[in-house]
Each structure stands twice: as C-alpha cells, then as structure tokens.
Amino acid sequence: MDVILLQLLNGLDKGGAYALIALGLTLIFGTLGVVNFAHGALFMLGAFCAVTFNKFLSLEIVTTDPTKTTAWGSPLEIRTPYIEVYFGDFGAWVLNYSVPVSILFAIPVMLLVGFIMERGLIKHFYNRAHADQILVTFGLAIVIQEVIKSMFGANPIPQSAPELVRGAADVGAVFGYDPGIIVYPYWRMVYLGFAAAVIGAVFAFLQFTTFGMVVRAGMADRDTVGLLGINIQRRFTVVFAIAAVVAGVAGVMYTPILPPDYHMGMDFLVLSFVVVVVGGMGSLPGAVAAGFLLGILQSFASMNEVKAVLPGIDQIIIYLVAVVILLVRPRGLMGRKGVMEN
Amino acid sequence: MFTKTSPALDLVYFLVFAAAVLTMPIWLAPIGAGYPDLLQKFAIFGLFATGFNILFGLTGYLSFGHAAFLGVGSYTAVWSFKLLGMNPIPAAVLAVVASGVFALAIGYVSLRRSGIYFSILTLAFAQMSYNLAYSVLTPITNGETGLRVLESDPRILDGGGATDGPLISNLFGIEMTGYAGFYFCAVVLLIGFFIAQRIFRSPFGIMLRAVKTNQNRMTYTGLNPRPYTLAAFVISGMYAGLAGALMCITDPLAGAERMQWTASGEVVLMTILGGAGTLLGPIFGAALIKYFENIFSAFNEQTLHEIFGFLPDFLEAPVVAVSGLFVGEGWHLTLGVLFMLIVIFLPGGLMEGFARIGRVLKRSSNKSEKSGSATAPAE
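Same order as they appear, the protein sequences are chains Z and D.
Under my numbering, the first residue of the first sequence is numbered 16, with each subsequent residue one higher.
Under my numbering, the first residue of the second sequence is numbered 17, with each subsequent residue one higher.
Hints may be right or wrong, so weigh each one.
Quick list of simulated restraints, FRET-style, between CB atoms [to be verified]: (1) Z:E92 - D:S313: 32 to 42 Å; (2) D:F210 - Z:L23: 54 to 64 Å; (3) D:F210 - Z:Q248: 47 to 57 Å; (4) Z:M166 - D:T39: 38 to 48 Å; (5) D:D329 - Z:P123: 33 to 43 Å; (6) D:I311 - Z:D80: 49 to 59 Å.
Computed footprint of chain D on chain Z, listed as stretches where at least three residues anywhere in the stretch have a Cβ under 8 Å from a Cβ of chain D [to be verified]: (7) 150-156; (8) 161-174; (9) 282-293; (10) 341-347.
I should point out that these hints are in silico values taken from the structure, not numbers from a laboratory.
Note that the structure is predicted; figures quoted are calculated from it, not measured.
Don't be surprised by glycine CBs; every beta carbon is placed ideally from N, CA and C.
All chains should be modelled from the sequences, with the hints used to inform the complete structure.
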C-alpha cells in the first residue's frame, strides 16, 4: 500500500507537467485547428526564462577583503550579487525565490512569443493540410531549440528551489506509516499545487468570463460566431498566447525538478502528444485527466517489481497505452464524437 | 510530367539518371563533393528518401517513424556480418526482409488511422523502438556503445578464421570502402530507383495516388484502400531497411541514435525539400542536404573570416558572428530555417520551384511573342 501511495505521488508531478503542456496543445488545436509541434519548444523556452532571470540576478560584484586571506595567501574575494548590494535583504529574498519570481518575467515573454508566433507564422497555415502544419511547426521547434543551444550551450543548467522548500516531507507519517517510507520533496508538492492552480485558472477563464464564453462558442462553431459580428480570429490569437504562457510557466516551475537543456522540449512534446491523443483531441478535461493518468502509469511502470516482470516496460508504457487507446477508442477517453476520429 | 509518359521516355529518363549517378565522382568533383564518403551518403540517403516518398509522396501518409526501419536494417546487417560473414549481399537481403516484417507489423496497426493520428502513431512506435534499443534490447543492440563486428564472431561463410586487419564488408574480395563502396551503393540506388519508377507508373501507383486524392471516393467505388497503403508502407519500410544496411556495409557499426525521431525528421525534410511525389525530387533533396551538411559543418570562425574578408572591419565582425550561428555546430539551425522556408513558400519542393521557373520563362517568351504579334495589327 505504501509503495502504491509513493508511486502515485511520484507520478503526479510529472503528470502535472504533461497535463499543462497537453492543455495548451488542446487549446490550440480546439481553437485554431492547428497541430503545434513547437509546443514543447515553448515549454523549454519557459524553462530558459527562469535560467536567464536567475543569471541576470546572480550578476556579481567582486570585492576583496584585505584583512582575511585564503589558504593560498591571496586576499579573500567576496562575491556579492548586485541585487543584494542594491536592495539588501529584499534582494537576497528575490535571489532565493528566483524560480517562482521568474514567472513574472516569463509571462510577458511567453505572451509576446505566442503572439508573434501566431501572427507571424501559424496564421498562414489555418487552411493548409495538417501535414504542412506539422512540418512547419516542427521546423520552428528545431530553430528555437538550436537558438537556445547556441545561447546557453548543450549542457543542462541546474536551478535550485527556494531554501524553504528544498527538503522533503515525510508524507507517510501523516497517514500513519513509519517515518522515512514515503518521502516526497516539497518542491514537487509545490509543482502539483501550481499545476492544479493553473489548470483551474484556465478552466475558470473559459467558463466564467465573457471572453471565455466566446472562445468556447468559437470552438464549437467558429463560422456562426463570426457571422454574429465577433472577431473570433483575434480571440483565438489571444488563446494561442495563453497556451504559450501555460506551457512557459509549466517550464519555469519544472526547472528545479529537471535541469533544463535545449532538447527537453522535444522529450516532453512527444509524450504530450500522446497525452492529447489519449485524452481525446479537442477535449480539455480529457487532456488534463490523461496527463495525470499517464504520469502515474509511467511512475508505476518504473517500479522495480514491475520491471522485474516486464523488463523495459517503463520506457514504452506511455506509447503502448496510446496505441491501444487509438485502436480501441479512436476519439480518446473524453473526445467528442466526430471530432478528428478517422 | 505525368501526362507525357511512355515506356520509351521512362527508359531514357532512367538511363540518363543512371549515367548521372555513375559519373557523379567526375562531375561533382569541381564543387568539392567528389569523394567517396560523401557520395556514399548521397546514394544511401537518396535511397532512403525514395522509399519514404513512395509512402508520403504517393499516399500522403506522413510517417514520423521511418528511422526505426533504418535502425532495424542496420542492426540486421551487422548481425548478418557477425553470424554469416562480411559479404554485403546476405546482409542487404536479410535487412530488407527484417525491416519488411517490422514495417508490416507497425503498418498494420498504424494504418488504421490517418492524418495526424497516423503521424503520432508512427512517432510513438519509433520512439518505442529507440527506447527499447537503448535499454532492454541491449543484448541485441549493444545499447549506447553500438553494435559492431568483433574478431571473435562466428562468421560462418568466411570460415570463421581470425583475419588480420580491420573487419570491412567485402563483396567476394572487393572491400566496400571508397569508390567500390560508392558503386555498390549506387547500383543499389539505381535498382531502387527503377523499382520506384515502375511503381509510379503502375496501376498500383495510381491506386496510391487515389488514396491521397480522395480516400472516401475510392471507398465508394468499391475499393479498399487499406491493402494498398499497407503495401506502400511495407515497401517504403524495406527501402529504409536497405538504406540502413548500406550504411553498415560501408561502415560496419550500428547505433540506436539512427532510430531517433530527428533522423525521421531528416528524411521528411529531404523529401519535402526535393519535392514529395516526384521521382527525382527526394534523391535531389537528400544529396543537397548531405552536401550542405558536409560543407556547413566544416566551417569555423577562421573560414568565415576569410569569406567575409572583403567587408570593412566594422561590418565583418557582426556578419561573421551572425553567420557563425548557422554553420559548424549550428548546422541544424540552418536545417530548421530551410525546413520552414520550404514548407512556407515552396510546399512542392525544389522540383515545383523548377517547374515554376520553367513556366515563368515560357510565359514571358510567349508574352513577348504575343505582344509582338499584338503590336503588328495596331492601327
């Protein structure tokens, strides 16, 4: 039982990332009808927003302390980040919380990126074949990836979580197990809560605002909404930008869990597509549910007990599920009837 | 192009192509591509792209997992070397058979869906094979190190004796490196091209085009498209397997990175760049990409400074810095940009570009004639 609970928890944070990316993919597909192969690159861009922000904050001033010397006899160098020099304790606080704070930096950046991408490229591909859409966004993903690689290098750049949540919680103790059996890092808990909050916000936005209502109407029947005199195109552009932001902030918060490198986006993209397909193309709740489901399945498959019976299952479980789902229930878990079923 | 075909014309077309391929070492020498390693790549990737084109160009099914077949072909070829001996012919035959069977299994499942679902399914299968080749199948694939032929392998047909010198594939004593290797690949490419040409012109090929044009109507006329698409998928998988075998014949080493989705993306790009659905386009695209990959990745800051040396100093530095992003290590960036430009502006690929230029030239000459004749009767 305790093992199951542990794997459940482990699967949830990965599932959260899948769900967030898949949510954006589904939003874009549901509104614009475009298959965005560059969505993983947006996730990666978000992660590198956090890296950039952190680099910027940690610009240091080097002073020497003549009264102290190092073991080699040279004067001791003291490195202080500028931000601490200028802002004192507040600066230190910002540096400590650089990952969550960089969300504030990532949101405008990702909005801009999403907007430019939609207006500059995707717009011209509404009426082209799906194959063309896949290809052009695939090309864009390569471009983004290579630009990041040339700027930040090929090695992963680790980011640290704020000190407060750096440790791990003994979750098992709460449920009455012996201490030390079910240990779960705080940051993953934070990520889970964050993912839930973002997903909730997106749903609330679509459900309870006029803008969201128009978007939902447009997803159902865009021509009729257009005939009512609503510029649905502009709203869809905003939706694209929102999807980019969701992927971006998902990437920002994921950096302490997985040190970002330039190809992390592609790794997540393939899996997120599988998530979207399993959840049902065009179904937002389906994308979220399938994201968590597959995350949990993956973590169960990587248990040693399971691997002993079925070696290698952890590597392929997600794809296997996708294949089975596509063959047995083509429209996915929660897909609407008739939407992209063939 | 399709309107003016006849068996005689096709034969001429094929012979011209064959002559062009076999004389490549001569006429490619002036542009610095006349050496065997690169020419082998042209032939191998040309074959790969030709096979991919039979599926994508004719039926319109976009597979994102063709690299898996390439990998299967490579592994089979190396295993054939290990067990049977260094002769390339059994290796090639076995690779075709193995990749064909593999393609049959994957195609049978994937072809139940079309459109993006098909792309995602093939991608999923390819990623699955890649992950397995890296992890569980290590006894067969040798994981990250890659599979290579060892001195201690049985090699039944070779007599199993330990040979001196490096283990290189040889066709009855001719070592498959350098120009001999190229000519072997070129002959295989020509055979592949010939078969592709026959498929393009056959009733079977017309059926495949019908799948691309309108699958519903095809069903309404009482034809089941599934067997045709499956056959196309298996054939193109076999081409990929053969290309993978050729890679190992010229260099007996197989690694899992050949099966990664980037490799699948590369063959898509080659086909699109040249022109999907045309016979010559994919081969042309493959050669072009391999050529520029070779040229561009060899560039470094030094060569760039030499090239842009004619610019004034204040211009030279930024120009070198910017173009430095696109060459050497950053060659993939060029590839990505090229990919986007082609899809955006020239979906039909270079072959369409040539056709367009041809039309424009014809029209302008027509126009000048017309305007000439129009001025004559003017009052």
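Status of each hint after checking the structure:
1. Z:E92 - D:S313: 32 to 42 Å: holds, 41 Å
2. D:F210 - Z:L23: 54 to 64 Å: holds, 58 Å
3. D:F210 - Z:Q248: 47 to 57 Å: holds, 50 Å
4. Z:M166 - D:T39: 38 to 48 Å: holds, 45 Å
5. D:D329 - Z:P123: 33 to 43 Å: holds, 38 Å
6. D:I311 - Z:D80: 49 to 59 Å: Because 54 Å falls inside the window, the suggested range holds.
7. 150-156: holds (count 6)
8. 161-174: It holds, with 4 qualifying residues against the three required.
9. 282-293: The restraint on the stretch 282-293 of chain Z holds, since 4 of its residues have a Cβ under 8 Å from chain D and three suffice.
10. 341-347: holds (count 3)
Checked against the numbered hints above, the structure breaks none of them.
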